[in-house]
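Asker: Here the structure of chain A is known, so what remains is to put chain B in place on it, guided by the hints.
As you go down the protein sequences, you meet chains A and B in turn. Residue numbering for the first sequence follows my numbering, starting at 1 and increasing by one per position. Residue numbering for the second sequence follows my numbering, starting at 277 and increasing by one per position.
Among the hints, erroneous ones may be present.
Coverage of chain A stretches by chain B, computed from C-beta distances (three or more under 8 angstroms per stretch; other residues unrestricted) [claimed, not checked]:
1) 105-114
2) 144-156
3) 218-232
Just so you know, these hints were derived from the structure itself, not from any lab. Using N, Cα and C, we set each Cβ at its ideal position, and we do this for glycine too.
2 protein chains.
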Amino acid sequence: MPSEINNLSKLCIHTITTKPWQLEVAVEKYAKAGVKGITVWRDALEGRDIYKSGRIIRSAGLEVVSLCRGGFFPSASAEKRQLAIDDNLKAIDEAAAIGAPLVVLVCGAEPAQPLEKSRSQIKEGIAKVLPQAQKCGVKLAIEPLHPMYADDRSAVNTIKQANDMAEEINSEYVGVAVDVYHLWWDPDLEKEIYRCGENGKLFAFHVCDWKTPTTDLLLDRGLMGEGCINVPQIREWVEKTGFNGFNEVEIFSNKYWGMGQDEFLNKIIQAYLKHT
Amino acid sequence: MPSEINNLSKLCIHTITTKPWQLEVAVEKYAKAGVKGITVWRDALEGRDIYKSGRIIRSAGLEVVSLCRGGFFPSASAEKRQLAIDDNLKAIDEAAAIGAPLVVLVCGAEPAQPLEKSRSQIKEGIAKVLPQAQKCGVKLAIEPLHPMYADDRSAVNTIKQANDMAEEINSEYVGVAVDVYHLWWDPDLEKEIYRCGENGKLFAFHVCDWKTPTTDLLLDRGLMGEGCINVPQIREWVEKTGFNGFNEVEIFSNKYWGMGQDEFLNKIIQAYLKHT
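So here's chain A without its partners, still in its complex pose:
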């Protein structure tokens, strides 16, 4: 049995989870509710002084866990691949500015080319931005995405692939983000989580749930406990590796975005205490 969660000291929420809230509102509400970490999505920073946003977050007693997201490296066009590199360099600078130790990479995929080619462009892209990440002291987490996103969101679709890639790149600045939504079905999950942790590559842990039925490929994630994922079991595997970071709640949901966000935040906290 995994250790019981009886406080919020490891609870982090992604700003996109409560998308209707502006960053400043989210910070205030999270802090008031006892949430201790925040992962900032880049859209939440639009039009803002990033250093100031970082100060607002820290003043509220929240820790910036990561910046979401970099990646989207593959393209059939060399020009677009360069634009992606530039954008990832910018994301690394933004992470440094806001005080985030990590950028999560949604690696990308190009439907018009073989997955193998997209994967090699991903590796190439990471290699190109790695010096800037090192310089800024910002780590990069390869997030394997569910195979239903293999067409245009990520050609990295299993934790084994992410582990392989991180090991090949072989930098202490490059690791893996484990998200239960993407990986829960994988018969190799437990084994590959241990491999990831033993190699010091387990950089982040994201939670939510898979609902039955799921009515949208992107925007119908569930709260922990609402679906079929055994989140506590996966958390136990993650913690067995020595992982001591945050449990990050990342939910894209038209249903939840459509309700009062105070009520939703309360639901998140209950689901976190009971089903994570």
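Answerer: Leaving out everything else, chain B in the frame of chain A:
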């Protein structure tokens, strides 16, 4: 490069692909268009004399490639598991009656229990119906389903799992159905297709395409050439193993079911000749 397809001698269509057509209409239309194989979905047999349906199909010059579908073995309820066994025995009898040498298994999953448990119930279920399959001379194909169906459709989500299970069961009557839609993203696909074929376990090959964007988890499959799957490449791997069976077009699509089915059949044939 895979061998070019320049005739329809290996083209099979699943009745569900042209769902608006009654079985007899589908048979007539397929035959007239030069299609040589048909996979019959059980809903198409409702209210019919199955022996007679088999005769109609053969008289039209079509070969019955398989019956779809058995499976759905797992359940938290022992009573429901027994109902599934009974239904699979019935499917095997129906296959024998219509002259189908194969029943395709959509293995099933129970969201309320661990995948491992569902997988062991699947193995148990197959073992229980295997004697009837042998008696009737009807083979069973485990069809690994895309991981997005791991909640309630199949706990077998990679070809490696299907190969492992077929090898453990170790009967010449149990093999694997390879469907590009479910498996195209898997980095081990080529290797596991060879393994499947070398063991004499490659019983069926299904084709369609993955569209970008895909707007429905179940009913938005594309025609070959419409999406990101390299169907000819996968067919080449399949044929390298010595597979000499049909290429079965299996498309669930609200879009295509909503158009004139004569026009759709013509599109299927063009897509088959150009992109399979």
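Asker: Against each hint, give a clear statement of whether it holds in the structure.
Answerer: Hint by hint, here is what the structure shows:
| no. | hint | result |
| --- | --- | --- |
| 1 | 105-114 | holds (count 3) |
| 2 | 144-156 | holds (count 6) |
| 3 | 218-232 | holds (count 3) |
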